[in-house]
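In terms of this note's numbering, the sequence shown has 72 at position 72, counting the first letter as 1, and numbering is strictly consecutive.
Everything labelled a hint here was simulated from the structure, so no lab data went into it.
Some hints here could point you the wrong way.
Claimed, not checked - Restraint ranges, calculated between C-beta atoms of paired labels, are given here: (1) ALA108 / PRO55: 39 to 47 Å; (2) TYR114 / GLU50: 34 to 42 Å; (3) GLU43 / GLY185: 33 to 41 Å; (4) GLN116 / ASP26: 21 to 29 Å; (5) PRO89 / ASP26: 29 to 37 Å; (6) ALA47 / TYR114: 31 to 39 Å; (7) PRO120 / ASP26: 21 to 29 Å; (8) ALA112 / GLY84: 43 to 51 Å; (9) THR146 / GLU126: 25 to 33 Å.
Virtual Cβ for every residue (Gly too), placed ideally from N, Cα, C.
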Amino acid sequence: MPDHVTPARSPRTALVRHGETDWNRDGRLQGRTDVPLNDTGREQARALAEQLADPLGDVRWAAVTSSPLSRARETAQIIADRLGLDLLPAHDDLVERHFGEAEGGTLAELTARYPQGERPGQEPWEDLVARGSAALRRLRAEHGDTPLVVVAHGTFLRATVEGLAGVELARMANATSVVVEGSGGDWRLDRAPQRA
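Could you put together the complete structure from these sequences and hints?
Printed below as a string of structure tokens:
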């Protein structure tokens, strides 16, 4: 390739974990339980929206979607409002991992209740990785090269990045984002987790 030709970049997707809820604050496992943002979570979402409004190099985010759970949906609405965009419909396949009977418990409670680590009704990790990867591939196919913000949940996003880019992320804090680049079967982590 000649030196003066800049290679085309693959589509970029910002993967955002929702802001804080009371259960996050209290260390309770939420899963698919629909716990709303608290005031701290709303402040976090506004701060992250400001960060996303500042272009990342040549990227201006042009579409925002989310999980249907209210904590993700409200975070996404705050971001969309700041970016001057309409919030796209929610996608059911972006919901958090189902933790079964463990939902609502703290780490201490769950360790005592399930000392072997097995939690009845929990979505297997491999299934979550496959679900998250398939969901992101579908979204990229629907939106082409449009720079896309996807607001979802910490465990779901970690599994998705593992499935797409083969990278194991550490726990994502509330209102943090990672950027992945790619579509189809070719993905890479473009930017590691950042907090506003």
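Non-conforming hints, listed in increasing numerical order: Failing hints: none at all.
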